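Student: Take the two lone chains, each set in its own frame, and fit them into one complex as the hints suggest.
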Amino acid sequence: DVKVTQSSRYLVKRTGEKVFLECVQDMDHENMFWYRQDPGLGLRLIYFSYDVKMKEKGDIPEGYSVSREKKERFSLILESASTNQTSMYLCASSFRDRDAEAFFGQGTRLTVV
Amino acid sequence: RKEVEQDPGPFNVPEGATVAFNCTYSNSASQSFFWYRQDCRKEPKLLMSVYSSGNEDGRFTAQLNRASQYISLLIRDSKLSDSATYLCVVNVSGGYNKLIFGAGTRLAVHP
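Same order as they appear, the protein sequences are chains X and V. Taking this note's numbering, the leading residue of the first sequence gets 1, the next gets one more, and so forth. Taking this note's numbering, the leading residue of the second sequence gets 1001, the next gets one more, and so forth.
Next up, chain V with everything else stripped away, as it sits in the complex (with noise of 0.2 Å):
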C-alpha cells in the first residue's frame, strides 16, 4: 500500500465550479500535512499547509480528519489558472521533515 494516496483525476470543471480532492495517508504517526500545487513542466510549490483545526486561504480550504488518515483540499469558485496537478504531501519524521508525496490530482478547468 502506497503511503499516500490519491484520485489521480483529471477532474474537469467549469470556471466558478467548487471541487474537492481527498487523499489518505497509511502512517499514523505522520505528523505534518501539505497541498502542492505542479503546473504542467514546472517543479511543485507549496500551496498550503494543512492543520488539525482546518484552514482557509481565500479560495482554498484544507482539511485533516486524523482518526480517518485523510486529507482534503476544497477549491471554490474556480478559476482558469486553477488548472494544475495538486499534490497530497506528508510528513513521515517528525523529527526530520521527512517529505512524502501522493502522485497528485489532475484539475483542468474550462471556461
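One chain only, chain X, in its complex shape (with noise of 0.2 Å):
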C-alpha cells in the first residue's frame, strides 16, 4: 500500500513563528506536492516538486517555501506564520507519469493564533 505520511495531525502555533510541516513518501514517487484546502475555495497548489531539490511555484507560494533534499521527503515551511495562513494542509505524491495517481495525506490542521 501506497503511504504518505504527513508529521503532525494537528497544529497550533504563534503568529510570527517559523512551521515545518514534514511529507514523507514510501512509494518512490517523483512527484510531490503541497496544497491548501480551505471552505469554498477548494485545494489549491502551493508548491510542487518533481525531482530532488526541484521545485516549482503553484498558485498562491507566497508566505510559504519548500525543501527537497531526499526524494521521501517534502517539507512546507512558513517562515512567518499568519493567522490568515491556519488551515487544513494536505501533502500528496505521484508518479511522473501524465496518468499517474496522486497518494494524498491526512493532512494537517494548521491552527495560528
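Do not rely on the hints blindly, as some may be mistaken.
[Stated by the list, open to error] Straight-line distance between alpha carbons at most 30 Å, and here's what the computed DSBU-like set of lysine-lysine pairs gives: (1) V:Lys1045 - V:Lys1079; (2) X:Lys71 - V:Lys1042; (3) V:Lys1079 - X:Lys57; (4) X:Lys18 - X:Lys57.
No lab work stands behind these hints: they were computed from the structure. No experiment lies behind these values; they were computed from the predicted model shown.
Tutor: Dropping the structure here:
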C-alpha cells in the first residue's frame, strides 16, 4: 500500500513563528505536492516538486517555501506564520507519468493564533 | 479566471437518481484529466481517469470534450454511500504531471 505520512495531524502555532510541515512517501514517487484546502476554495497548489532539489511555485506560494533534499521527503515552511495561513494542509505524491494517480496524506490542520 | 471551475452544489438527490457534474478548464494544453472523491474529513482519492473516448466504471461515466474544454461525471442509480465531494483534476504540465484541482462539487444522496 502506498503511504504518504504527514508529521502532525493538528498543530497550533503563534503569529510570527517559523513552522515546518513534513511529508514522507514510501513509493519512490518523483512528484510531491503541497496543497492547502479552505472551505469554498477547494485545494490550492502551494508548491510542487518533480525531483530532488527541484521545485515549482503553485498558485499561492507567497509566505511559503519548500525543501526537497531527499526523494521521499518534502517539507513546507511557513517563514513567519500569520493568521491567514490557518488552514488544512495536504501533501500528495505521484509518479511523473501524465496519468499517474496522486496519493494524499491525512492532512495537517494548522491553526495560527 | 480559475484554471479549473466546478459548480460547488450541493446537489441533493434521492437514492436511485442519476446526477451529472460538469467541470471546465482553461488551459487548452492540458493533457490528462481525473475525478477524485473526497469524503468528509478525509483526504481525496482517485475515482477515475477521464479519457478522450469517454469511459465507464460501473455506475460512473466520465466524458471529456476538448473542443469546449469541459469534463463531466455521470452517476447512475445513486447510493447513500456516493455522498461526498467530487473534485475535478487537470494535469496542466504534461511532462511532470502537475495536478490542479477544482474546488469540488458536493453531492448529498438521501433516502
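Student: Now look at each hint and say whether the structure bears it out.
Tutor: Do the hints match the structure? See the list:
{"no.": "1", "hint": "V:Lys1045 - V:Lys1079", "in the structure": "holds (18 Å)"}
{"no.": "2", "hint": "X:Lys71 - V:Lys1042", "in the structure": "holds (25 Å)"}
{"no.": "3", "hint": "V:Lys1079 - X:Lys57", "in the structure": "violated (39 Å)"}
{"no.": "4", "hint": "X:Lys18 - X:Lys57", "in the structure": "holds (20 Å)"}
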